[in-house]
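Asks: These are the residues of each chain, in order.
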Amino acid sequence: MTDKMNSAAMAKPKKWRDVPMAGVAFGATAEAVETGQWRSIRPLWDSEKCISCLICWNQCPDRAVTTDESGKVTGIDEFYCKGCGICAHLCPKDAIEMKPETDFAAARGDR
Amino acid sequence: MSRREIISGNWAFAEAMRQINPDVVAAYPITPSTDIPMKFSEFVADGKVDTNFVTVESEHSAITACVTAAAAGARVMTASSANGVGLMHEIFPIAGFFRSPIVFGLVNRSLGAPINIHCDHSDSMGERDAGWIHLYCEDAQEAYDTAVMAVRLAEHDNILTPVFVCQDGFITSHGFEPVEMLDDETVKRFVGERNARYPLLDVKNPVTYGSFASTEYYFEIKRQQVEAMENALKLYDGVAREYEAVSGRYYPMLDAYRTEDAEFVVVVMSSAAGVVKDVVDELRDKGVKAGCLRIRMFRPFPFDGVAKALSHAKAIAVLDRSLSLGGTAPVVSEVRSALYRASALIPVQSYVFGLGGRDFFPQNARDIFTDLEKGQIVGEERYIGLLE
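Heads up: the sequence lines are chains A and B, in that order.
Numbering of the first sequence is given in this note's numbering, commencing with residue 1 and proceeding in unit increments.
Numbering of the second sequence is given in this note's numbering, commencing with residue 112 and proceeding in unit increments.
This is chain A alone, in the form it adopts within the complex:
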């Protein structure tokens, strides 16, 4: 059984005994949970079109839109992005386009 620890530091369980008992998430956060696995469509962010208005950053349910120290958008974190498409829908500059994950299957090594 896994001891108390922050889930951010928790390794991905390899065997059934390694999964935290009772399905508890440590640190009261889902930080270590790769919700990106659920994604069926992927946002492609265009740095040329983006004006960093931060509408997508504000509305993203997974806080997957990344920014630099000055608050400029730097991209989308695919570890968390589950492909809801809210960012693409709200973007006033059409800087985000949603593409099917199957388009990237070869790059991911899927068969």
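Keep in mind the hints are simulated off the structure, nothing from the lab.
Don't take each hint at face value.
Said to hold, decoys possible - Which residues of chain A face chain B? A few of them, derived with a C-beta cut under 10 Å, are:
no.	residue
1	19
2	21
3	24
Claimed, not checked - Cut-off 25 Å, straight-line C-alpha distance, at most; resulting in silico cross-link-like pairs (DMTMM-like, lysine to aspartate or glutamate):
no.	chain 1	residue 1	chain 2	residue 2
4	B	333	A	34
5	A	12	B	327
6	B	333	B	392
7	B	425	B	341
8	A	14	A	97
9	A	14	B	415
10	A	12	B	372
11	A	82	A	31
12	A	82	B	331
13	A	15	B	415
14	A	14	B	338
15	B	333	B	415
16	B	345	A	31
17	A	15	B	327
18	A	15	B	372
19	B	150	B	116
20	B	315	A	31
21	A	15	B	116
22	A	12	B	338
23	A	14	B	372
24	A	14	B	116
25	B	345	B	268
Remember, predicted model here, so these are calculated numbers, not experimental data.
Positions of the beta carbon are idealized from the N, C-alpha and C atoms, including for glycine.
Assemble chain B onto chain A, guided by the hints.
Replies: Positioned in the frame of chain A, the structure of chain B alone reads:
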């Protein structure tokens, strides 16, 4: 100093609760378990316990409050029966999964409809796959002792599984009999303090309960519950022996009565075992090698122990106090499975008895033994005391 009083099964359970002094009790009364929260509420009102007694609007809320309090790190107890248990059904697997060590006084009553209020085991049997330990008590003394023992079993760090402490509605719950109770200090020492592993109230080590488990981990967490049950089977006897050391009373998971050399064995649970044991004595005096195997722990099911206790039998009768409509009654189903696992292909006759509080008499037990002696074993289940 222990003391002896003439009390009912319900009061005996409530007395155990007073001595255990749980942090939280959330309950909604239903016949025949009503006495338990009623008596306990008097203890609360009289300041005899420190418990946060949560009165709720339904059984569903009662068990939900129990689960959340247990997740917070509290020691929790409650009680219910019949359709109250049925209304809790949705939450029982959650309690099991959250590894909430709730000790639950389940006073067995038939599931309506038709509404009936009397004893059978259809309520608890509906919850046999919920991830709870099931202990079935023969009398009020055992209900008291099991309540105290169950705290240790439920909260054991390698078990962490809720426990149903079952007693027969009215027969045990409302029958008054002498019950010997330990002194408060002994119970307090025996149960100790709950040391929760991941309490929600430990704000320095925050955890989330109830987050989504996708296809990749659900199965694994269920496997951990299987392990907890396996551990309960291994660790039960240690707790029972520790309890014997403080009380002088020992309760094995299987109560094997004169089975050592028995050729004809009746397998039964709860209060009806008393009747069967009396008839066993009667038949033994006549030279019949009769025996009774009372199954006290139904979950986890002690397959090896059952097979061992039945190994000398020429014929076995299994008495179920509930039906599996369109299937095989729960106790006989497990007993047959235990025998098959041990490659012991002994003839087994299934009997259903006592539904809706139908009385079970010594003559019924005699007739069953006669069936076994005559080798009258059929594939179909038989019904005891049915108008036919």
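Asks: If a hint holds in the structure, say so; if it does not, say that too.
Replies: Here is how each hint holds up against the structure:
{"no.": "1", "hint": "19", "in the structure": "holds, 5 Å"}
{"no.": "2", "hint": "21", "in the structure": "holds, 6 Å"}
{"no.": "3", "hint": "24", "in the structure": "holds, 4 Å"}
{"no.": "4", "hint": "333(B) - 34(A)", "in the structure": "holds, 21 Å"}
{"no.": "5", "hint": "12(A) - 327(B)", "in the structure": "holds, 11 Å"}
{"no.": "6", "hint": "333(B) - 392(B)", "in the structure": "violated, 44 Å"}
{"no.": "7", "hint": "425(B) - 341(B)", "in the structure": "violated, 30 Å"}
{"no.": "8", "hint": "14(A) - 97(A)", "in the structure": "violated, 35 Å"}
{"no.": "9", "hint": "14(A) - 415(B)", "in the structure": "violated, 32 Å"}
{"no.": "10", "hint": "12(A) - 372(B)", "in the structure": "violated, 54 Å"}
{"no.": "11", "hint": "82(A) - 31(A)", "in the structure": "holds, 14 Å"}
{"no.": "12", "hint": "82(A) - 331(B)", "in the structure": "holds, 23 Å"}
{"no.": "13", "hint": "15(A) - 415(B)", "in the structure": "violated, 28 Å"}
{"no.": "14", "hint": "14(A) - 338(B)", "in the structure": "holds, 17 Å"}
{"no.": "15", "hint": "333(B) - 415(B)", "in the structure": "holds, 23 Å"}
{"no.": "16", "hint": "345(B) - 31(A)", "in the structure": "violated, 37 Å"}
{"no.": "17", "hint": "15(A) - 327(B)", "in the structure": "holds, 11 Å"}
{"no.": "18", "hint": "15(A) - 372(B)", "in the structure": "violated, 45 Å"}
{"no.": "19", "hint": "150(B) - 116(B)", "in the structure": "holds, 15 Å"}
{"no.": "20", "hint": "315(B) - 31(A)", "in the structure": "holds, 17 Å"}
{"no.": "21", "hint": "15(A) - 116(B)", "in the structure": "violated, 52 Å"}
{"no.": "22", "hint": "12(A) - 338(B)", "in the structure": "holds, 21 Å"}
{"no.": "23", "hint": "14(A) - 372(B)", "in the structure": "violated, 49 Å"}
{"no.": "24", "hint": "14(A) - 116(B)", "in the structure": "violated, 55 Å"}
{"no.": "25", "hint": "345(B) - 268(B)", "in the structure": "holds, 13 Å"}
Hint compliance for this structure: hints 6, 7, 8, 9, 10, 13, 16, 18, 21, 23, 24 are not met, and every other hint is.
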